[in-house]
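> Sequence:
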Amino acid sequence: MTHPPQTQATATAQIRQQLAEIALTAPPALRQLALWLQDNLPLVAFSSVRQLADAAGASPNTVMRLAQALGFGGYGELRESLRLDLRSTTDIYAERTRELRQHPGAALWDLAARADLDNIAALYQPQAVEVLDRCATRLLAARCVHTVGARSCFGIAHHFAYLGGIAFGNFSPPPSLPGMLVDQMATAAADDVVVAIAYEHYSSEVVLACDIARDRGVPFIALTDRPSSPIARGAAEALFLPMDGPHIMPSLTAALSALEALLAVMASRSPEAARRVAEHERRVRDFGGYIPSRGPGSAPAR
Numbered sequence: 001m002t003h004p005p006q007t008q009a010t011a012t013a014q015i016r017q018q019l020a021e022i023a024l025t026a027p028p029a030l031r032q033l034a035l036w037l038q039d040n041l042p043l044v045a046f047s048s049v050r051q052l053a054d055a056a057g058a059s060p061n062t063v064m065r066l067a068q069a070l071g072f073g074g075y076g077e078l079r080e081s082l083r084l085d086l087r088s089t090t091d092i093y094a095e096r097t098r099e100l101r102q103h104p105g106a107a108l109w110d111l112a113a114r115a116d117l118d119n120i121a122a123l124y125q126p127q128a129v130e131v132l133d134r135c136a137t138r139l140l141a142a143r144c145v146h147t148v149g150a151r152s153c154f155g156i157a158h159h160f161a162y163l164g165g166i167a168f169g170n171f172s173p174p175p176s177l178p179g180m181l182v183d184q185m186a187t188a189a190a191d192d193v194v195v196a197i198a199y200e201h202y203s204s205e206v207v208l209a210c211d212i213a214r215d216r217g218v219p220f221i222a223l224t225d226r227p228s229s230p231i232a233r234g235a236a237e238a239l240f241l242p243m244d245g246p247h248i249m250p251s252l253t254a255a256l257s258a259l260e261a262l263l264a265v266m267a268s269r270s271p272e273a274a275r276r277v278a279e280h281e282r283r284v285r286d287f288g289g290y291i292p293s294r295g296p297g298s299a300p301a302r
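Residue 1 is where the sequence shown starts when you use full-length UniProt numbering, and the numbers rise one by one after that.
It is possible that some hints are incorrect.
What the hints assert, rightly or not - Label-pair distances were calculated between CB atoms; the ranges are: (1) 102 to 17: 42 to 52 Å; (2) 279 to 177: 22 to 32 Å; (3) 28 to 100: 24 to 34 Å; (4) 277 to 134: 18 to 28 Å; (5) 13 to 93: 17 to 27 Å; (6) 204 to 28: 45 to 55 Å; (7) 292 to 93: 18 to 28 Å; (8) 100 to 292: 37 to 47 Å.
Calculated from the structure, these hints are not laboratory results.
Ideal Cβ positions, reconstructed from N, Cα and C, are used throughout, including at glycine.
All chains should be modelled from the sequences, with the hints used to inform the complete structure.
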């Protein structure tokens, strides 16, 4: 049975009320999980079934049964309901950070490690791999690749563009100075490709870049968190990233892995990539950009 329609202002309160009832009347396994969730409900919005089960000391099957006992068709519906509730506020990241107080000590290391492994496993499913494969073809054929990421996504955007610029001849540096994003996007052409990275709250600069690309007929690839993301609209390709985990902001582990794998696949198809990387290494070494390697018996660095 699907959970009955309700306003998001009352969703969390109603779920808490139902948990209290289940904690009094349900079989032992469900009762124990319901009691635990009364103190840890926000964690549902950021966790997979397995992650929540591990944190609660329950089985994944018990987590699924509890979601159904709450009136949802499955765990995904329960999680989305709580996510919508969080989105009605403006402090999503603060709520995530407050939730970390529920997991002091060594348990958080294990939760973080499991979340990263789960996100990577969820990323490399056949459908997503097909998307990445098409992206590799597009990027290799592009006249110019523009990479756009802001705030927490700027680092991985820069990493992708930096490595792409070394191995391939068609990557431009990501815009970083005020006004440069509009300038760069305004010169993008239909035979270029834009790679855009954003998740909720969705940096306005990245949304603007996709709007400009859309208006100019420039294909863009969106790496984002969900189909309703503003940068997914009109994207030539959209990769929806698993971002669960006990973190201050949504995890970017899968995003970084996807971008590095994408570059690796591109390099495997490019007859020039290895030569370009070798030339880059030689130039940087010749001009002192790398610490000289020391052979056996060399004096230690001081």
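> Decide, hint by hint, whether the structure agrees.
To see whether the hints hold, each was checked on the structure:
no.	hint	in the structure
1	102 to 17: 42 to 52 Å	20 Å, violated
2	279 to 177: 22 to 32 Å	28 Å, holds
3	28 to 100: 24 to 34 Å	29 Å, holds
4	277 to 134: 18 to 28 Å	24 Å, holds
5	13 to 93: 17 to 27 Å	22 Å, holds
6	204 to 28: 45 to 55 Å	50 Å, holds
7	292 to 93: 18 to 28 Å	44 Å, violated
8	100 to 292: 37 to 47 Å	43 Å, holds
Hint violations for this structure: numbers 1 and 7, all remaining hints satisfied.
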